[in-house]
Structures are given as C-alpha cells and as structure tokens.
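From first to last, the protein sequence lines stand for chains A and B.
Numbering (our numbering) for the first sequence: 1 to 413.
Numbering (our numbering) for the second sequence: 1 to 413.
Please keep in mind that the hints were generated in silico from the structure rather than gathered at the bench.
Check each hint, because a few of them may be wrong.
Copies of the same chain look alike in the list, so a pair counts if it fits in one copy or across any two.
As the list claims (entries may be wrong) - Lysine-lysine pairs mimicking DSS-like chemistry, simulated, CA-CA at most 25 Å apart:
no.: 1; residue 1: LYS386; residue 2: LYS404
no.: 2; residue 1: LYS52; residue 2: LYS68
no.: 3; residue 1: LYS357; residue 2: LYS90
no.: 4; residue 1: LYS51; residue 2: LYS68
no.: 5; residue 1: LYS203; residue 2: LYS232
no.: 6; residue 1: LYS354; residue 2: LYS95
no.: 7; residue 1: LYS191; residue 2: LYS203
no.: 8; residue 1: LYS52; residue 2: LYS281
no.: 9; residue 1: LYS95; residue 2: LYS357
no.: 10; residue 1: LYS96; residue 2: LYS357
no.: 11; residue 1: LYS354; residue 2: LYS68
Each chain, written out:
2 protein chains.
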Amino acid sequence: MSFQSLSGFRDFYPEECALREHIFSVWCESSRQFGFSQYDGPPLEPLELYKKKSGDEIVGQLYNFVDKGEREVALRPELTPTFARMAGAKHRDYKKPLKWFAIPQLFRYERAQRGRLREHFQWNCDIVGEASLAAEAEILALIDHAMRGLGLTREDYVIRVSDRQFWLDFLQQNKVTDEAKVYDFLQALDKIERASEAETREKLGPLADQVFSLLEKGTTSERLDTLMASCKALGLADAVKIDLRIVRGLAYYTGIVFEVHDRSGKFRAIAGGGRYDNLLKLISGEDLPAIGFGMGDVVIGEILKDKGLAPKTANIESYYLVIADEALRPQALALASALREGGYHVDYPLTAAKVGKQFQAAEERGHKFALVVGQEYASDGVCGLKTLATREQVNVRPEVRDGKVSSLAPVGC
Amino acid sequence: MSFQSLSGFRDFYPEECALREHIFSVWCESSRQFGFSQYDGPPLEPLELYKKKSGDEIVGQLYNFVDKGEREVALRPELTPTFARMAGAKHRDYKKPLKWFAIPQLFRYERAQRGRLREHFQWNCDIVGEASLAAEAEILALIDHAMRGLGLTREDYVIRVSDRQFWLDFLQQNKVTDEAKVYDFLQALDKIERASEAETREKLGPLADQVFSLLEKGTTSERLDTLMASCKALGLADAVKIDLRIVRGLAYYTGIVFEVHDRSGKFRAIAGGGRYDNLLKLISGEDLPAIGFGMGDVVIGEILKDKGLAPKTANIESYYLVIADEALRPQALALASALREGGYHVDYPLTAAKVGKQFQAAEERGHKFALVVGQEYASDGVCGLKTLATREQVNVRPEVRDGKVSSLAPVGC
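Between the sequences and the hints, there should be enough to build the whole structure, so can you do that?
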C-alpha cells in the first residue's frame with residue numbers, strides 16, 4: 001500500500017529543495033542588502049480579508065473552507081492583504097518608510113490540470129510610507145540585483161514599466177468613468193499581447209485608434225520620465241523599458257506598475273508589482289502609500305534550469321571520515337565531533353565498511369574531501385586528506401584545542 | 001475598519017521574524033554540518049495519511065476539512081508521515097543511510113486557549129536505512145550541537161534517553177500483551193513526573209513495585225549501554241542522561257526514545273524523538289529502519305528570550321548614505337548601486353531630508369555606518385565614513401571597478 005500526495009502540491013526531494021533554497025537565499029540576501037527586514041504572517045486567514053480586497057468573485061479561486069469552529073477561512077492566495085493588515089496595525093512602531101520582505105507559500109484552488117500547481121512560494125517586498133517615485137526606483141533596483149544574483153544577465157530579462165494612472169487619466173479625458181468599462185478597458189490592454197489586433201480593437205471600441213496610436217508613438221507619462229531618470233542614476237537604464245501595455249490584472253494598483261519578463265518570451269512573467277496607495281486604508285483604516293512586488297519560485301526555477309544556472313548540490317567543502325580500522329571508531333567519532341565543533345562539515349560511515357567502499361560513499365555523497373583515520377592517527381595524530389576530484393593526497397594533523405579542530409595543518413610544513 | 005488574524009496563528013513582525021530566522025539558520029547550518037540534506041513536503045495532505053499512522057482518534061486534533069473537490073484533507077500536524085511517504089517512494093534513488101532534514105510549519109486544531117497556538121515550526125531530522133545505534137548517537141550529537149549553536153550550554157539542557165523496547169520486553173515478561181493495557185502502561189510512565197506516586201501506582205497496578213524499583217536502581221538496557229559508549233566517544237557524556245521514565249506519547253516508536261529538557265524544569269520539552277522501525281513499511285510498504293526527532297520553535301524561542309540569547313536585530317555591517325546636498329542625489333544613487341554590487345548592505349533616504357535627520361535615521365534603523373555623500377565626493381570621490389556607535393569619522397575613497405565598489409579605502413593611508 002502506498003499514499004499519494006494531493007494533486008497540485010509539490011514534494012521537494014533534496015535536489016529540488018537545493019534549488020528552492022538557493023533561490024530563497026538570493027532573495028533573502030538581496031532584500032537585506034537593500035535594507036529590507038523580514039516578516040511573515042499566518043498561512044490561514046479569515047476569508048473576509050480577501051473578499052474585502054478583491055471582491056466576492058475571488059472566492060472561486062481560493063483554497064477556502066469552513067473550519068471546525070464554523071469560521072470561513074482561506075489558505076492565503078497572496079501576502080499583500082496580510083501585509084496591509086500588519087503594517088496598518090503597527091506602522092507607528094516603525095520609522096517610515098517601512099521596507100519589509102517575506103517568502104510565503106501561497107495557495108489557490110484551480111481546476112487541477114497537468115502541471116498546474118495549487119501552491120507556490122513568492123518573494124514579496126514592499127515599501128510603505130513613501131509616496132515619491134524614489135520608492136519605485138528602489139524596488140526596481142532590488143529586482144534587478146536579485147536577478148543578477150541568480151546568475152542571469154540583462155540580456156536574459158527586462159523589467160517592463162508602465163503607468164496605470166496614465167490610462168485612468170486617459171479614460172477620464174474620454175469620459176469613460178463607469179467602473180465596469182474601466183475594468184474592461186484595462187483587461188483588454190492586459191491581454192493585448194495574446195490577442196489579435198482585431199480582437200483588441202473590438203474590445204476597445206471607439207478608443208482603439210487612440211490607444212494604438214499612443215502605443216506606437218512610444219508615449220510616456222511625466223511619472224515614467226521621472227522614474228526613468230532615477231533608474232538611470234541607479235544604473236538600470238538597460239534593465240528597464242517603458243511599456244504602456246502592462247497594466248497588471250489586479251484591481252488595486254494606483255500608479256506605476258511593472259512586470260519582469262525573460263526576453264526570449266519563452267516563459268510566463270517572472271515577477272510583477274506596482275503602487276497601491278489605497279489598499280492599506282481599505283484593509284487597516286490607515287492611509288499610507290505603498291508599493292511592492294511578488295516573484296514566484298516556479299517560473300524563475302524553470303528559467304534557471306533552462307539556462308543551466310540551477311545548483312546541482314550545495315557547494316560545501318565537506319569531509320567524509322574514512323575509518324581505516326574499525327577499532328579506531330571511538331577516535332574517529334571524537335575527531336568528527338571536534339571537527340564539527342570547529343565549524344567543519346563532516347560525515348562518516350555509521351557502520352563498519354571496507355575502506356574502498358568508504359571512499360566510494362564519500363564520492364557518491366558529493367563530499368570534497370576524504371579524511372582517513374588510520375593507525376597513524378592513533379599513534380601520531382596524523383590523517384591522510386584526499387581531495388576526491390583530483391585524487392591528490394597529503395597528510396594533515398588536526399589541531400585540536402578545547403575540543404575543537406582549529407585547523408588541518410599539512411604535516412611537515 | 002480593521003481585520004483580526006485567526007486565533008492561534010502568529011504574526012511575525014521583524015523582531016519576531018529575526019528570532020525565528022536565527023533559530024532556523026542554526027538548525028539548517030547544524031544539519032548541513034552533520035551531512036543532512038534539506039527536503040520538504042506539502043503543508044496539506046490527504047487525511048488518510050494521518051489516520052493510517054495514528055488511528056481515527058487523531059482526527060479530533062487535526063486541522064482537517066473537506067476541500068472543494070470533496071477530498072478529506074488536513075493541514076499537516078507533523079512531517080513524519082510525509083517523510084515516510086517520500087522516503088519510501090524514492091529511497092532507491094539515494095545511498096543509505098538517508099540523512100534528511102526539514103523545517104515545516106505544522107498545524108493542529110485544539111480548543112483555542114490564551115496563548116495556545118494552532119501552528120508552530122518544527123525542525124525535523126531523520127536517518128533512514130541504518131538499524132544500528134550509531135544512528136541514535138549521530139542524532140543526539142546533532143541535537144547537542146544545535147543547542148550549543150543557539151548559545152545554550154550543557155548546564156542549561158539535558159538529553160534524557162530511554163528505551164521503549166526495554167519496557168515492552170518487561171511487559172512481555174510479565175505477560176501483559178493486551179494492546180490497550182500496553183498503551184495504558186506507557187501512558188502512566190509518560191505522566192509519571194506530573195502525577196503523584198499514589199496516582200501512578202494505581203495506574204500501574206500489580207507492576208507498580210517492580211517499576212519503581214527498576215527506576216530507583218537506575219536500571220539500563222544493553223541498547224542504552226551501547227548507545228552511551230558511542231555518546232561518550234562523541235563527547236556527549238555530560239549532555240545525555242539515561243532516564244527510563246521517558247517513553248514518548250506517540251505509539252509508533254520501537255526502540256530508543258529521548259527528550260530534551262531545560263535543566264531548570266521551567267519549560268516544556270524542547271525536543272523529542274526516537275526510533276520508528278515499522279512506520280515506513282506501514283506508510284510506504286518499504287521495510288526500512290528509521291530514527292528521527294522534532295524540535296519546535298516555540299519553547300526554544302522562549303528559552304532563548306529568557307536567557308537573553310535572542311538576537312535583537314540582524315547583526316549586519318550596514319551602511320546608510322547621508323546625502324549632504326540633494327543636488328548630489330544622482331551620484332548618491334550611483335554609489336548606493338555600486339556598493340550593493342560589491343556586496344555591501346546599503347540603505348539611503350528616499351526623499352530629501354536635513355543632514356541631522358539623516359544621521360538620526362541611520363541610527364534608528366540600526367546601521368553600523370553613515371557614509372556621507374557631499375561636495376568632496378563630487379569633486380574628489382571622497383566620503384566621510386562615521387561609525388555610529390563610536391562617533392569616529394574618517395574619510396574614505398570608494399574604489400569603483402566595473403560598477404562595483406571593491407573597497408572603501410581610508411584616504412591618506
């Protein structure tokens with residue numbers, strides 16, 4: 001008998017987990033380098049939190065249920081509502097602007113299709129309390145930094161920046177104020193790259209000519225021009241491109257929006273975000289400007305694998321003790337312990353095995369060194385140290401002080 | 001209007017998240033030092049997986065529900081069933097013994113009481129495919145290493161080691177074979193420290209005299225003696241103590257069991273685990289011996305706070321740029337970018353502020369250095385570098401190469 005996991009949920013065996021943790025560590029380190037502090041919220045929240053933000057229609061896509069206490073709850077589909085709740089509740093305890101990041105696992109209930117996931121991890125970074133475009137520039141610089149930290153270059157990706165407010169102003173000038181019509185217009189723009197021009201023209205109706213003309217002329221807005229000047233100062237000129245076709249599906253953005261794409265067009269969007277100056281007030285009652293983005297682990301993981309940038313194993317300088325004589329096991333255990341105390345990465349065979357088998361185990365497990373504990377260790381404190389890739393072998397004398405190995409000094413040097 | 005989170009779920013604001021991540025990083029680093037590889041599974045699993053392992057009674061404590069596809073599912077209350085499923089399914093792809101670790105968030109649905117959590121994180125380490133007591137010794141050494149990595153000493157904690165098989169043999173010798181009676185006996189032992197001797201004697205019935213006598217004499221088993229010899233070789237003699245009163249509540253342990261406690265007795269158990277040689281067969285059909293433990297983030301977090309060992313903030317050498325003249329903002333942004341490229345941790349004011357305010361912000365945000373970008377930077381490439389704690393100031397010249405700051409060389413040295 002054997003159990004299956006639920007469809008749409010991933011098992012992370014060590015190889016997949018190594019890639020995941022590599023991505024997480026670049027996200028974390030980039031965030032910290034940019035002065036962001038880590039936070040997290042509950043993976044389960046009251047359903048109401050998401051309805052309030054996105055309307056009742058959202059419920060169809062949520063992993064929601066009624067719990068044993070008759071509460072309507074949902075596994076979080078995104079972190080922004082939780083962030084808005086938390087930041088709104090305690091923002092007075094922190095200096096503005098807040099710069100916070102998190103890497104939550106998120107959930108959605110969609111019809112299970114082949115390869116379609118119901119969970120993913122997402123890097124979230126947000127700045128709260130800064131209304132100027134300097135916040136946008138800082139966010140874009142952070143994304144660019146992380147992308148390169150993952151080993152990608154600006155020839156691989158582009159950050160497409162747009163201005164949703166530009167279109168809202170455009171609609172107002174054209175007397176389109178009905179909420180449903182505004183929504184339909186933004187939807188038509190959002191899908192413009194996947195639809196034929198005829199389809200889009202039909203959706204845009206009388207505004208079609210103007211829209212296509214604005215896009216062809218490469219129109220920008222004052223906001224976009226100001227932002228691009230900061231981007232240039234931050235060295236981002238060739239990473240960022242103005243593209244007014246980007247509007248982002250979600251309804252709550254209020255100004256600059258952006259998406260990160262691979263330039264080949266082979267993959268879905270890598271990341272997306274923008275300014276949402278009204279959401280904190282809606283969720284927490286606190287009127288604070290905010291901007292942020294999310295980057296999922298799935299698309300970026302596919303891209304790293306595609307480009308051969310996924311780490312095979314954790315690249316650690318680790319040692320495997322080869323116990324040349326089983327009678328020396330107690331000494332080998334003591335040495336393993338002292339090495340670990342000294343910060344070394346150490347493994348050893350848990351049961352007696354032939355020396356050849358032990359060297360083989362050392363290689364198969366991806367260790368860099370084999371450290372041989374034999375008679376010379378018992379008599380003189382000397383071990384053979386073999387670099388497994390090159391087969392080079394030298395003798396070393398572990399220097400033990402206070403139960404810690406402080407160095408593996410080559411003998412005779 | 002404002003939203004509440006669900007009762008029993010924690011918000012991790014930056015201070016709490018810093019403690020959590022500190023604990024996680026010691027857990028991760030200790031695991032890797034001992035040759036364990038990270039894995040993870042889904043936070044949601046079929047309810048059946050837990051029923052199979054623990055019987056139908058477990059359901060009352062689970063955060064389980066029926067999902068939109070009419071599946072009975074549960075938020076994972078522990079990782080071991082998932083681990084058994086995963087290890088069983090693919091163990092042939094890996095060399096034995098498997099040494100795997102994970103830090104899952106776990107859930108249970110208990111009556112919400114003040115301070116009673118419905119989620120926690122738990123460090124899980126397991127070894128599969130090694131039947132000898134060397135696996136137990138390795139697991140105990142890992143726990144001891146991590147505890148000291150967190151800043152605790154062996155005067156703070158003790159690992160109490162017991163042998164459930166000793167008691168199962170004892171019961172067999174005394175002709176107690178009825179499953180319910182075996183269970184009641186183990187329960188009585190498990191609660192011995194919190195119950196009066198009279199209560200325990202009543203529960204143990206005719207076996208009471210023998211049990212108290214065995215405990216008083218400090219009886220051990222052959223398994224325990226062998227294990228203690230390995231522990232001694234690993235330098236664990238004063239961290240580990242034989243204590244046959246430990247049996248662990250869960251029904252699936254088959255041999256050695258252990259718990260970690262603070263010696264003061266002020267806190268609940270810090271960690272617990274043991275050998276479970278039958279579970280993989282039950283869950284996956286693969287007959288493999290296994291041993292493992294779990295350590296939660298809540299009790300250890302309380303202990304670290306109690307002993308003043310919780311980190312206040314991430315102790316990073318970070319720089320805050322002070323923009324002495326707003327006209328120099330573009331140069332300051334370029335310098336921030338080049339510093340970050342060079343691996344420095346850098347923040348700066350997003351909007352114009354008086355110099356005094358900027359120094360204040362640098363201190364309030366916990367930066368180590370303020371780096372002043374003023375006229376001397378524009379004319380000669382020289383910045384003032386102030387160590388905020390000591391108020392020492394020197395002049396430095398950022399060495400920029402290929403858009404990266406390679407060093408902040410003191411001027412005139």
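Here's how the hints hold up against the structure:
Taking the shortest alpha-carbon separations for LYS386 and LYS404, only the intra-copy value of 21 Å comes in at or below 25 Å, while the best inter-copy value is 37 Å. For a Cα distance limit of 25 Å, the shortest separation of LYS52 from LYS68 qualifies both inside one copy, at 23 Å, and across copies, at 21 Å. Taking the shortest Cα distances, LYS357 and LYS90 sit within 25 Å of each other only across copies (22 Å), while inside one copy they are farther apart (59 Å). When the C-alpha separation of LYS51 and LYS68 is checked against a cutoff of 25 Å, the pair qualifies both within a copy, at 21 Å, and between copies, at 18 Å.
For the homomeric pair LYS203 and LYS232, neither the shortest alpha-carbon distance inside one copy (36 Å) nor that between copies (77 Å) is at most 25 Å. Taking the shortest alpha-carbon separations for LYS354 and LYS95, only the inter-copy value of 16 Å comes in at or below 25 Å, while the best intra-copy value is 62 Å. Only within a single protomer do LYS191 and LYS203 lie at most 25 Å apart by alpha-carbon distance; the minimum there is 10 Å, versus 71 Å between protomers. Taking the closest pair of Cα atoms, LYS52 and LYS281 come within 25 Å of each other only inside a single copy of the chain (12 Å); across copies the shortest separation is 47 Å, beyond that limit.
Taking CA atoms no more than 25 Å apart as the test, LYS95 paired with LYS357 passes between copies only; the shortest distance there is 12 Å, against 59 Å inside one copy. Taking the closest pair of Cα atoms, LYS96 and LYS357 come within 25 Å of each other only across two copies (13 Å); inside a single copy the shortest separation is 60 Å, beyond that limit. In this assembly of identical chains, LYS354 and LYS68 lie within 25 Å of each other by CA distance neither inside one copy nor across copies; the values are 57 Å within and 55 Å between.
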